[in-house]
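There are 4 protein chains.
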Amino acid sequence: MIKIGVIGLGRIGKVHLENIQYHIPTAKVVAACSGSEKGFAFAKERGVQKCYTSVQQMLAEVELDAVVLASPTALHFEHLKLLIAARKHIFCEKPIDLSLENVQFLKKELDQNPVNFMVGFNRRYDPTILSIKKQLDQQKLGQPQSIRLTSRDPGPPPMEFIKTSGGLFLDMAIHDFDLASYLMGSEVTEVYATASVFGELPLESVGDVDTAVTVLKFKNKGFATIENSRNSVYGYDQRLEVFGAQGMLSSTNQADTMVSISDQEGVHHPKPVGFFIERYQASYLNIMKAFIKALEQNETPELSFQDGLHSLTLSLAAKKSSEENRLVLLSEIS
Amino acid sequence: MIKIGVIGLGRIGKVHLENIQYHIPTAKVVAACSGSEKGFAFAKERGVQKCYTSVQQMLAEVELDAVVLASPTALHFEHLKLLIAARKHIFCEKPIDLSLENVQFLKKELDQNPVNFMVGFNRRYDPTILSIKKQLDQQKLGQPQSIRLTSRDPGPPPMEFIKTSGGLFLDMAIHDFDLASYLMGSEVTEVYATASVFGELPLESVGDVDTAVTVLKFKNKGFATIENSRNSVYGYDQRLEVFGAQGMLSSTNQADTMVSISDQEGVHHPKPVGFFIERYQASYLNIMKAFIKALEQNETPELSFQDGLHSLTLSLAAKKSSEENRLVLLSEIS
Amino acid sequence: MIKIGVIGLGRIGKVHLENIQYHIPTAKVVAACSGSEKGFAFAKERGVQKCYTSVQQMLAEVELDAVVLASPTALHFEHLKLLIAARKHIFCEKPIDLSLENVQFLKKELDQNPVNFMVGFNRRYDPTILSIKKQLDQQKLGQPQSIRLTSRDPGPPPMEFIKTSGGLFLDMAIHDFDLASYLMGSEVTEVYATASVFGELPLESVGDVDTAVTVLKFKNKGFATIENSRNSVYGYDQRLEVFGAQGMLSSTNQADTMVSISDQEGVHHPKPVGFFIERYQASYLNIMKAFIKALEQNETPELSFQDGLHSLTLSLAAKKSSEENRLVLLSEIS
Amino acid sequence: MIKIGVIGLGRIGKVHLENIQYHIPTAKVVAACSGSEKGFAFAKERGVQKCYTSVQQMLAEVELDAVVLASPTALHFEHLKLLIAARKHIFCEKPIDLSLENVQFLKKELDQNPVNFMVGFNRRYDPTILSIKKQLDQQKLGQPQSIRLTSRDPGPPPMEFIKTSGGLFLDMAIHDFDLASYLMGSEVTEVYATASVFGELPLESVGDVDTAVTVLKFKNKGFATIENSRNSVYGYDQRLEVFGAQGMLSSTNQADTMVSISDQEGVHHPKPVGFFIERYQASYLNIMKAFIKALEQNETPELSFQDGLHSLTLSLAAKKSSEENRLVLLSEIS
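Protein chains in written order, with my numbering: chain A, 659 to 992; chain S, 659 to 992; chain H, 659 to 992; chain L, 659 to 992.
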């Protein structure tokens with residue numbers, strides 16, 4: 659039985675806690691760390707016996723095999739230093755940190771204190787992505803030539819969150835950048851991004867945007883185009899296409915039901931499922947299962963620290979490109 | 659150059675006339691017969707030089723290879739007797755006649771005066787049906803086990819038309835009965851139908867209905883289910899499924915464009931294309947090409963008099979079943 | 659905390675047990691009854707402390723509020739008599755029993771010893787059906803005129819099961835008959851069914867069929883058409899259409915992902931999800947939640963004994979119609 | 659009756675000729691100019707009485723109201739000078755010319771000798787685009803924020819054609835650039851394009867590419883992303899999305915039929931319709947009707963010389979961006 663501590667009991671922390679507690683029989687959350695009474699109550703109702711407000715105290719008092727880090731991004735750096743020092747295996751929500759310097763520092767720490775580290779790009783474990791990746795690995799398309807991701811949120815997060823989140827490129831598009839690289843299977847060499855503010859939030863005041871298109875250029879001559887928006891009135895839009903010499907893999911949105919109604923106006927289908935918690939329900943469970951399995955089998959998890967660093971680099975490059983209105987070489991970011 | 663006379667210049671007659679005149683280079687409409695000045699004007703604008711009100715006069719004065727009969731069903735019997743006697747090849751709109759006795763009489767006439775005779779079940783020449791039939795012939799499914807047709811009109815015809823049309827089973831469902839038999843490739847043995855009046859027209863007063871379901875049972879153990887309605891507010895609904903041991907062939911409705919709009923309510927697609935003239939535009943041309951080609955090559959057209967007789971029998975059986983509220987053996991109809 | 663006993667730990671019994679244990683915080687399975695060691699092991703791993711081979715013993719030794727009856731249909735009658743006598747609330751898998759006489763007997767018993775009784779037509783709680791029912795209740799279509807259900811299994815059950823299951827109409831189509839009645843909201847007056855054997859199993863030897871079409875005629879002039887097959891090579895086919903004066907509600911199959919691949923041959927989409935356990939995962943949970951909620955609120959569950967009796971009557975009528983090759987009045991079945 | 663001369667009887671010239679001859683009753687092709695005997699034969703069979711090899715001779719001998727210019731792009735410049743000098747109204751296939759200098763020269767000529775001039779961006783008249791434009795004009799989305807076009811050919815043209823065509827950006831993507839600008843309704847300020855060669859043709863040798871992505875940035879803060887490929891094994895891919903504050907308009911590919919087959923592997927749909935001649939059949943007719951109508955009503959056609967110049971500028975900017983691997987300001991192209 660793998661003993662887990664969960665740090666942070668916001669939306670994502672809760673998802674991980676429940677998944678481990680109810681759906682992964684070989685692991686158990688034995689301690690949780692949260693800043694709120696509500697978090698404690700949530701954890702206790704699900705059988706977590708020890709709750710802490712201090713990560714240090716939790717590490718000192720409870721015997722843990724691994725930690726799920728779902729605290730706010732701004733706290734990751736401090737928490738990760740503690741976890742690495744304590745030699746706990748780590749499942750870390752994305753992004754690792756907003757600062758490239760910090761992430762590079764942590765990388766060195768990790769190299770000296772090697773533990774299993776998995777970064778939470780759960781979408782790689784979405785059944786849709788698993789299916790597409792499998793078919794790519796089976797050479798159904800040949801080498802991917804052009805990848806396209808559409809990723810639009812049903813509404814923006816609160817300004818409070820945006821201020822510390824790193825903005826659209828570091829908080830939201832980073833998922834898409836990771837997926838694009840993962841599916842292309844090649845290194846990005848150049849990034850072009852352009853972005854605007856169309857919604858009502860005063861994003862310019864915090865240097866953020868709500869709508870963007872990013873083009874990634876890869877070493878293998880392929881490219882990826884990513885479209886992001888925070889303001890999709892028709893719901894959470896998560897689509898993907900991979901084009902290659904032998905054809906195209908394509909995924910469309912999922913709705914809660916396949917019910918349509920035909921009337922005098924036309925044929926009406928329901929909107930896509932709610933938001934990321936609902937849309938990626940299976941991914942969250944799958945990625946945690948993969949993390950636990952890697953621990954059990956003493957293997958390195960698939961999504962490494964390096965993957966987290968790479969996508970951060972892409973996000974920073976896209977932000978720079980958008981801000982400086984020019985093509986940015988990835989080699990400029992370091 | 660095949661010389662054609664067209665009898666009847668209602669909606670369907672006009673379609674046939676234009677198709678021959680503009681799209682079949684090896685045939686030419688040289689004479690037309692119509693009861694209306696408008697019909698004459700239409701024909702003349704499209705290069706038809708001789709127009710008549712009398713079929714007999716047209717047959718006497720113009721040298722014709724073949725005749726397209728698109729007059730009202732009630733006139734078919736008289737017209738067909740004249741055409742057979744004159745030994746003209748005949749393309750006859752469906753149904754041949756509403757009376758089984760009349761049709762059987764005409765069959766004997768034809769046997770004694772053999773001419774090429776094609777009955778206008780144009781839907782067999784719809785690209786959709788051609789594709790499905792081809793795949794069935796290629797044994798993609800094995801023997802069809804269950805066929806399902808949905809055939810719903812965007813609105814009822816005027817009461818005037820209904821009174822003489824033979825009603826839903828003889829005027830409308832007859833197309834579906836022909837298709838079901840054609841695709842099943844076996845003989846119908848029994849028919850069950852049930853029908854209701856849901857719309858606002860006083861159909862009961864003329865012994866008609868607006869909504870029906872018919873089950874055809876075939877000698878090969880297969881069955882077909884046909885759903886008809888005159889009152890489809892969402893437009894002309896023309897769908898088809900064939901189920902067999904190896905899978906299912908399925909066709910859905912066509913719209914004018916593949917444009918959808920996603921908004922706060924959902925994803926909205928356009929309605930199916932207008933009505934039969936628009937939906938079966940290609941079928942009308944294809945069937946006329948097949949008729950002309952058969953004439954040129956001196957071959958018997960595919961859709962024979964017998965096919966017209968068969969589907970009439972099915973329509974009469976369905977009507978009887980619905981009226982007498984019982985299963986009807988096809989052998990009862992004769 | 660509602661204390662539940664589960665009788666029968668086959669596929670369905672296990673589903674109910676896990677749903678209660680992991681997903682319904684206000685209920686708990688405290689005892690289970692099973693004929694197999696495997697069943698015991700399954701239950702114990704999920705925290706059920708008491709396991710029995712005898713229903714009587716379980717009822718005698720454990721304090722229970724309600725029982726989930728998922729034993730083989732052939733045992734339902736004996737088990738139900740015990741449960742009613744013990745005045746336990748009952749969630750009973752469908753069908754209640756294959757014999758109309760038995761079911762009518764049980765009804766009298768229940769009338770004398772009233773307990774909450776819910777019959778397990780879980781599909782009514784499928785998100786698809788919930789959405790369709792809600793829209794019907796909102797008068798989106800007006801009165802339903804024609805309902806069509808397609809229900810095809812990806813493969814037949816073993817002959818062993820078929821022999822005691824009651825066959826296609828009583829075991830499989832009964833779900834569809836229940837749904838059709840539920841959605842039409844009117845009483846069935848007549849039933850016509852025709853059926854064949856197309857697959858390789860020697861079903862004729864046990865009086866069963868593998869392919870059928872059934873037409874239900876309702877008091878409100880509406881009808882329903884149900885297509886069933888045990889041999890759908892393309893997977894579990896569960897579709898539904900409701901046609902009415904204001905339009906059509908329609909549901910198509912669900913696949914595991916919305917991924918398609920386009921290649922030289924065309925555009926290829928995945929098959930429907932596995933089988934009923936996967937397809938109706940949400941329904942099984944929803945119906946159990948509804949049962950528990952009714953117990954908590956001391957209300958009569960929606961799916962009553964009468965509903966179980968009604969659908970059994972329809973199944974028997976369809977079987978009779980198919981066997982006697984004639985339209986059957988529902989009043990003949992009693 | 660508008661008297662038309664057609665110059666050039668390649669694929670597109672033939673389409674225009676037939677459309678005028680058979681489908682536009684108020685116009686007539688009275689003369690044609692072609693370099694081939696086959697062209698003459700084609701024209702004569704369709705009732706064109708005068709055929710020439712010399713444009714000058716045709717202009718001298720035949721009284722014409724307007725000319726349809728469908729000669730190879732390399733001849734446009736000479737032909738256009740003659741036509742403008744002769745003060746004929748002009749329908750000119752795209753691109754007007756590959757040289758910005760030439761086009762600017764012609765613009766001055768036109769300003770001095772004003773005639774009606776329409777450039778053949780027929781896709782604006784595609785029912786799909788007409789529907790999308792209409793909905794945009796109705797403010798269904800608000801201002802477009804992000805437009806995406808996918809335009810992939812089922813196979814590359816011969817090297818012979820490519821050498822003089824201007825390449826992917828000037829020959830193929832120019833349609834998409836025109837549509838993007840048209841639908842965005844704003845001026846392009848910057849262009850970023852990146853392109854590769856993935857197919858087997860030695861395109862590098864002629865400075866061409868077969869796969870590209872282009873981002874257009876507009877004055878109104880919107881952007882458009884265009885994906886092009888010459889090598890779509892799954893057929894002619896023509897899709898479009900417009901995203902705005904109120905939702906998304908989206909168009910998918912059209913197939914010849916709506917027939918699918920479900921089998922053990924999945925659900926299979928047919929490929930998109932053949933190529934541009936089939937896909938844009940309606941557009942070619944619609945645009946010619948619009949040209950003729952403008953002539954009849956003495957109005958300026960919608961697609962002006964300026965539109966042709968604008969899209970050429972975009973194509974040149976995209977080519978420059980791809981070649982110089984940097985963002986290009988539109989103001990650099992002049």
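Hints in this document: simulated from the structure, not taken from any laboratory. Because the structure is a prediction, the values reported are computed rather than measured. Just to be clear, a hint being listed does not mean it is correct.
Just so you know, same-sequence chains aren't split out, so a pair can sit in one copy or run between any two.
Below, computed lysine-lysine pairings styled on DSS-like, alpha-carbon distance capped at 30 Å [stated by the list, open to error]:
{"no.": "1", "residue 1": "LYS792", "residue 2": "LYS708"}
{"no.": "2", "residue 1": "LYS877", "residue 2": "LYS661"}
{"no.": "3", "residue 1": "LYS947", "residue 2": "LYS792"}
{"no.": "4", "residue 1": "LYS696", "residue 2": "LYS661"}
{"no.": "5", "residue 1": "LYS696", "residue 2": "LYS766"}
{"no.": "6", "residue 1": "LYS879", "residue 2": "LYS686"}
{"no.": "7", "residue 1": "LYS661", "residue 2": "LYS798"}
Have a look at LYS696 and LYS661 and pick one of within, between, both or neither, based on CA distance no larger than 30 Å.
Both: 22 Å inside a chain and 28 Å across chains, each within 30 Å.
Given a CA cutoff of 30 Å, do LYS792 and LYS708 count as a within-copy pair, a between-copy pair, both, or neither?
Answer is neither; intra-copy 40 Å and inter-copy 44 Å both fail.
If the cut is 30 Å between Cα atoms, do LYS879 and LYS686 qualify within a copy, between copies, both or neither?
neither (45 Å within a copy, 50 Å between copies)
Up to 30 Å between alpha-carbons, please classify LYS661 paired with LYS798: within, between, both or neither.
Neither: 40 Å inside a chain and 53 Å across chains, both beyond 30 Å.
Reference check for the pair LYS696 and LYS766, CA-CA at most 30 Å: within, between, both, or neither?
neither (36 Å within a copy, 51 Å between copies)
From the Cα coordinates, with 30 Å as the cut-off, is the pair LYS947 and LYS792 best called within, between, both, or neither?
For LYS947 and LYS792, only the intra-copy Cα distance (18 Å) is at most 30 Å; the inter-copy one is 37 Å.
At 30 Å max between alpha carbons, let me know whether LYS877 reaches LYS661 within a copy, between copies, both or neither.
neither (42 Å within a copy, 56 Å between copies)
Of the numbered hints listed earlier, those contradicted by the structure are 1, 2, 5, 6 and 7.
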